[in-house]
Amino acid sequence: MKKVTAFAPATVANVSCGFDILGFAVDGLGDKVTVSFNDKEEVRVTHIEGDQGKLPKAIEKNTCGVAVTAMLKDLGFNGGLDIALYKGLPLGSGMGSSAASAVAALVATNRLLGNPLEKAALLPYAIEAERVACGAGHADNVSPALLGGFVLIREYHPLDVIPLNVPRGLYCTLVHPHLVINTADSRSVLRKNVTLKDATIQSGNIAGLVAGLYQEDMGLISRSLNDVIAEPSRSILIPGYDEVKEAIKKAGALGCGISGSGPTIFILSPKEEIAWEVSQISQKVFEKIGLDIDVYVSAINTRGAYVIEEKK
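One rule links them: number in this note's numbering = place in the sequence shown (from 1) + 90.
Where hints are given, some of them may not hold.
Unchecked claim - No farther apart than 25 Å at their CA atoms in a straight line, the calculated lysine-lysine pairs in the PhoX-like style are these:
#1 LYS151 with LYS163
#2 LYS378 with LYS339
#3 LYS130 with LYS93
#4 LYS402 with LYS374
#5 LYS93 with LYS151
#6 LYS378 with LYS401
#7 LYS130 with LYS401
#8 LYS361 with LYS335
#9 LYS378 with LYS402
Claimed, not checked - Listed next, with one range per pair, are the computed distances between beta-carbon atoms:
#10 GLU245 with GLY143: 32 to 40 Å
#11 LYS339 with GLY204: 49 to 57 Å
#12 LYS339 with LEU280: 20 to 28 Å
#13 ASP129 with ILE326: 50 to 58 Å
Don't read these hints as lab results, they were simulated from the structure.
By construction, the Cβ of each residue, glycine as well, lies at the ideal position given by its N, Cα and C atoms.
Based on the sequences and whatever the hints tell you, model everything.
Following this line, the structure appears as structure tokens:
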């Protein structure tokens, strides 16, 4: 191949009680990256679309560049590559924008080089890119973006990522208020210490959520979507959050939470009809407070990132 284009989906990280350890992938939304050979013997980010000119092309600052150069170093590849990024995700949205870019670049590069690595082996390079993007190498966005479905990051040293079951009929509604919340600001409001009581509650909810996914028990999933550690502090940064949370439960949704560091709100529903209904409810809430939003309804994406085009 001389040119390969890959797609990586939007993701929801944290998933309420699963702070920094749970994530899942969304259908339809995502980023595309095209990687091709050049004769300059260097890796370059040559083109970016959809970022309103905000993303750097410098290879050491762009998540695509960081991920790909780390991978090429380990492979001992010294040739030249050009990277073109096509953003389908808004920046700073809490939908895994930086993760999707890095993952799509890795999948495209791996295919261009003849698939020297298994898909899961790309994950450490995507984590390095996240370190550049947000200051910490979290895996709860890049893992579902790469692998699809729900994932649990049990441990980072050594990395232990566990795919989880995706219940039939489970749908997600993403509500993206037109706000900008920096990851650093979102982390700064978090408590430095957690009480034993809250740690116990949170652990029970994580265990309950994982059990609910495997048992396909919507009631258990609903009871477990409760974050007593991060959400109480972070929700105050999102106008309308409490109103949405109260209204969607009455419509039959399983629950909601803050996607990543926000401002996007994710809502899980036991079937597609309810997912669409809560999207309309959310729109009405934000109309009342005068804040524009984007709303997306999607099944859980179990495919993850994939190659969409190859040219010889």
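We went through each hint and held it up to the structure:
1. Pair hint LYS151 plus LYS163 holds up; C-alpha atoms about 17 Å apart against a cutoff of 25 Å.
2. Straight-line distance between C-alpha atoms of LYS378 and LYS339 comes to about 19 Å, which keeps the hinted pair within the 25 Å bound.
3. Taking the CA atoms of LYS130 and LYS93, the gap is near 16 Å; set against the 25 Å cutoff, the hint holds.
4. A distance of roughly 50 Å separates the Cα atoms of LYS402 and LYS374; the hinted pair therefore is violated under the 25 Å criterion.
5. Annotation: proposed proximity of LYS93 to LYS151 holds, straight-line Cα distance about 23 Å (limit 25 Å).
6. Of the pairs offered as hints, the one joining LYS378 and LYS401 is violated, with about 50 Å between alpha carbons and a cut-off of 25 Å exceeded.
7. Pair hint LYS130 plus LYS401 holds up; C-alpha atoms about 20 Å apart against a cutoff of 25 Å.
8. For the suggested pair LYS361 and LYS335, the alpha carbons sit about 18 Å apart, so the restraint of at most 25 Å is met.
9. A distance of roughly 53 Å separates the Cα atoms of LYS378 and LYS402; the hinted pair therefore is violated under the 25 Å criterion.
10. With their beta carbons about 39 Å apart, GLU245 and GLY143 fall inside the hinted range of 32 to 40 Å.
11. The hinted range of 49 to 57 Å is satisfied by LYS339 and GLY204, whose Cβ atoms lie roughly 50 Å apart.
12. Taking 20 to 28 Å as the suggested C-beta distance range, the pair LYS339 and LEU280 conforms, at roughly 25 Å.
13. Checking the proposed 50 to 58 Å range against ASP129 and ILE326 shows it holds: the Cβ atoms sit about 53 Å from each other.
In summary, the structure is inconsistent with hints 4, 6, 9 from the numbered list given earlier, while agreeing with the others.
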